[in-house]
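Sequences are here, hints too, so could you generate the full structure?
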Amino acid sequence: MQKRGHAIKLLCKIAGISRATFYYRKDNTRKTDKDLETLEMIKKLPEKQLRYAGAKAKAHYLKLQFGVKMNHKRILRVSNLYGIHVENRVRRFPKGYYQTLKENEANLPRNILNRDFSADKPLQKLVTDISYFKVKNGWLYLSAVMDLYNNEILTFRTSNHADSDLAVDTINSLCDTYNISNALIHSDQGSTYKASEYRRLLEEKGFIQSMSRAGNCWDNACMEHFFGTLKAESGYYNVNRQGLLSYQMMEELITDFIQFYNKDRIQKKLGWKSPRTFSLKCA
1 MQKRGHAIKL LCKIAGISRA TFYYRKDNTR KTDKDLETLE MIKKLPEKQL
51 RYAGAKAKAH YLKLQFGVKM NHKRILRVSN LYGIHVENRV RRFPKGYYQT
101 LKENEANLPR NILNRDFSAD KPLQKLVTDI SYFKVKNGWL YLSAVMDLYN
151 NEILTFRTSN HADSDLAVDT INSLCDTYNI SNALIHSDQG STYKASEYRR
201 LLEEKGFIQS MSRAGNCWDN ACMEHFFGTL KAESGYYNVN RQGLLSYQMM
251 EELITDFIQF YNKDRIQKKL GWKSPRTFSL KCA
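According to this note's numbering, the stretch in the sequence shown is residues 1 to 283, in order.
FYI, nobody ran anything at the bench for these hints, they're computed from the structure.
For every residue, glycine included, the Cβ atom is placed at its ideal position computed from N, Cα and C.
Incorrect hints may have been included.
[Said to hold, decoys possible] Mimicking DSSO-like on lysine-lysine, the simulated pairs with C-alpha atoms at most 27 angstroms apart in a straight line are:
{"hint": "1", "residue 1": "Lys-269", "residue 2": "Lys-281"}
{"hint": "2", "residue 1": "Lys-43", "residue 2": "Lys-73"}
{"hint": "3", "residue 1": "Lys-44", "residue 2": "Lys-63"}
{"hint": "4", "residue 1": "Lys-121", "residue 2": "Lys-273"}
{"hint": "5", "residue 1": "Lys-263", "residue 2": "Lys-273"}
{"hint": "6", "residue 1": "Lys-121", "residue 2": "Lys-268"}
{"hint": "7", "residue 1": "Lys-134", "residue 2": "Lys-194"}
{"hint": "8", "residue 1": "Lys-136", "residue 2": "Lys-231"}
{"hint": "9", "residue 1": "Lys-263", "residue 2": "Lys-231"}
{"hint": "10", "residue 1": "Lys-263", "residue 2": "Lys-121"}
{"hint": "11", "residue 1": "Lys-34", "residue 2": "Lys-44"}
{"hint": "12", "residue 1": "Lys-205", "residue 2": "Lys-231"}
{"hint": "13", "residue 1": "Lys-43", "residue 2": "Lys-69"}
{"hint": "14", "residue 1": "Lys-73", "residue 2": "Lys-56"}
{"hint": "15", "residue 1": "Lys-73", "residue 2": "Lys-34"}
{"hint": "16", "residue 1": "Lys-121", "residue 2": "Lys-134"}
{"hint": "17", "residue 1": "Lys-73", "residue 2": "Lys-121"}
{"hint": "18", "residue 1": "Lys-56", "residue 2": "Lys-44"}
{"hint": "19", "residue 1": "Lys-73", "residue 2": "Lys-63"}
{"hint": "20", "residue 1": "Lys-281", "residue 2": "Lys-268"}
[Unchecked claim] Simulated restraints, written as ranges between beta carbons of each label pair:
{"hint": "21", "residue 1": "Met-249", "residue 2": "Glu-197", "range": "28 to 34 angstroms"}
{"hint": "22", "residue 1": "Trp-139", "residue 2": "Asn-179", "range": "29 to 35 angstroms"}
{"hint": "23", "residue 1": "His-60", "residue 2": "Trp-139", "range": "33 to 39 angstroms"}
{"hint": "24", "residue 1": "Gln-49", "residue 2": "Trp-139", "range": "36 to 42 angstroms"}
{"hint": "25", "residue 1": "Lys-69", "residue 2": "Asp-169", "range": "55 to 61 angstroms"}
{"hint": "26", "residue 1": "Asp-256", "residue 2": "Glu-204", "range": "31 to 37 angstroms"}
{"hint": "27", "residue 1": "Thr-229", "residue 2": "His-85", "range": "50 to 56 angstroms"}
{"hint": "28", "residue 1": "His-60", "residue 2": "His-85", "range": "14 to 20 angstroms"}
{"hint": "29", "residue 1": "Asn-238", "residue 2": "Lys-44", "range": "53 to 59 angstroms"}
{"hint": "30", "residue 1": "Glu-203", "residue 2": "Phe-227", "range": "24 to 30 angstroms"}
{"hint": "31", "residue 1": "Asn-216", "residue 2": "Ser-118", "range": "16 to 22 angstroms"}
{"hint": "32", "residue 1": "Lys-56", "residue 2": "Lys-269", "range": "17 to 23 angstroms"}
{"hint": "33", "residue 1": "Lys-269", "residue 2": "Ala-57", "range": "53 to 59 angstroms"}
{"hint": "34", "residue 1": "Glu-203", "residue 2": "Lys-269", "range": "27 to 33 angstroms"}
Spelled out as structure tokens, the structure:
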């Protein structure tokens with residue numbers, strides 16, 4: 001070994017390189033050989049697996065088809081090194097799609113409410129939103145409208161679909177019950193509230209539409225808070241731990257709580273009065 005070491009030292013001196021460089025290149029050559037072996041194994045995979053399968057999937061395919069255990073990180077490194085790239089599924093849109101989207105976003109109602117959750121009189125500022133509840137065999141969606149004057153839930157509707165029909169039905173119910181003129185109604189930027197049929201109805205009924213900024217739940221905090229209160233205090237969470245309710249039973253649970261909320265549940269904002277009591281005292 002000593003003679004071999006002296007020989008390597010002499011050769012390195014003649015070549016004008018350090019021994020560290022010699023051993024690095026030697027180890028790197030071994031690594032290259034191993035990478036080439038890995039590359040050959042990867043290339044044995046069928047074309048579809050080679051083109052579309054990720055590194056982890058390739059590792060499983062090699063084990064299943066050839067009995068070869070190989071770390072997916074090695075497969076990924078070697079694939080990148082030798083230009084074997086997975087073909088990504090690119091979502092393509094028609095020409096002008098993004099321009100149309102940009103124009104539609106520009107035409108959305110402004111955030112007129114702007115987190116001013118106070119109102120001087122009933123039916124001046126309203127907020128609306130949709131929340132979901134897990135039931136047997138699916139979901140129940142609750143659409144509700146709150147009056148910011150006294151936080152009363154003026155109307156609500158349920159459905160097994162969170163679509164524009166639910167929002168439209170809620171507004172029609174509101175207008176059937178109350179004589180509303182030039183009321184501000186605020187919502188988030190959900191597709192339900194961007195729908196042409198919903199916006200057209202608001203215009204026909206004389207509402208002023210306001211929308212939260214994109215992805216900003218605090219702009220509609222009152223409705224978010226109400227739904228949180230409903231789920232926490234109605235027993236919804238406890239009931240769901242014991243077993244899911246049917247759609248009809250969940251609807252009854254929600255109806256009972258909203259009646260209690262409007263008539264009896266006191267709130268600090270209202271001087272520790274319930275929404276209905278607050279309205280009577282201020283009438």
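Now the hints, each set against the structure:
1. Lys-269 <-> Lys-281: holds (14 angstroms)
2. Lys-43 <-> Lys-73: Measuring from Cα to Cα gives roughly 16 angstroms; hence the hint holds.
3. Lys-44 <-> Lys-63: holds (12 angstroms)
4. Lys-121 <-> Lys-273: Satisfied, since the Cα-Cα distance of roughly 17 angstroms is no more than 27 angstroms.
5. Lys-263 <-> Lys-273: Holds - the C-alpha atoms of Lys-273 and Lys-263 are around 9 angstroms apart, at most 27 angstroms.
6. Lys-121 <-> Lys-268: holds (18 angstroms)
7. Lys-134 <-> Lys-194: Holds, at about 25 angstroms.
8. Lys-136 <-> Lys-231: holds (17 angstroms)
9. Lys-263 <-> Lys-231: holds (18 angstroms)
10. Lys-263 <-> Lys-121: holds (19 angstroms)
11. Lys-34 <-> Lys-44: Holds - the C-alpha atoms of Lys-44 and Lys-34 are around 16 angstroms apart, at most 27 angstroms.
12. Lys-205 <-> Lys-231: violated (31 angstroms)
13. Lys-43 <-> Lys-69: Since the Cα atoms of Lys-43 and Lys-69 sit roughly 15 angstroms apart, the hinted pair holds (cutoff 27 angstroms).
14. Lys-73 <-> Lys-56: holds (8 angstroms)
15. Lys-73 <-> Lys-34: holds (14 angstroms)
16. Lys-121 <-> Lys-134: violated (36 angstroms)
17. Lys-73 <-> Lys-121: Violated, because 65 angstroms separates the two Cα atoms, which is more than 27 angstroms.
18. Lys-56 <-> Lys-44: holds (16 angstroms)
19. Lys-73 <-> Lys-63: Given pair Lys-73, Lys-63 holds - Cα atoms ~15 angstroms apart, limit 27 angstroms.
20. Lys-281 <-> Lys-268: Roughly 15 angstroms separates the two Cα atoms, so the pair holds.
21. Met-249 <-> Glu-197: 28 to 34 angstroms: For Glu-197 against Met-249, whose Cβ atoms are near 31 angstroms apart, the range 28 to 34 angstroms holds.
22. Trp-139 <-> Asn-179: 29 to 35 angstroms: holds (34 angstroms)
23. His-60 <-> Trp-139: 33 to 39 angstroms: holds (35 angstroms)
24. Gln-49 <-> Trp-139: 36 to 42 angstroms: holds (38 angstroms)
25. Lys-69 <-> Asp-169: 55 to 61 angstroms: holds (59 angstroms)
26. Asp-256 <-> Glu-204: 31 to 37 angstroms: This hint holds: roughly 33 angstroms between Cβ atoms.
27. Thr-229 <-> His-85: 50 to 56 angstroms: Hint holds: Cβ distance 51 angstroms, inside 50 to 56 angstroms.
28. His-60 <-> His-85: 14 to 20 angstroms: holds (19 angstroms)
29. Asn-238 <-> Lys-44: 53 to 59 angstroms: holds (57 angstroms)
30. Glu-203 <-> Phe-227: 24 to 30 angstroms: holds (27 angstroms)
31. Asn-216 <-> Ser-118: 16 to 22 angstroms: holds (19 angstroms)
32. Lys-56 <-> Lys-269: 17 to 23 angstroms: violated (53 angstroms)
33. Lys-269 <-> Ala-57: 53 to 59 angstroms: holds (55 angstroms)
34. Glu-203 <-> Lys-269: 27 to 33 angstroms: holds (31 angstroms)
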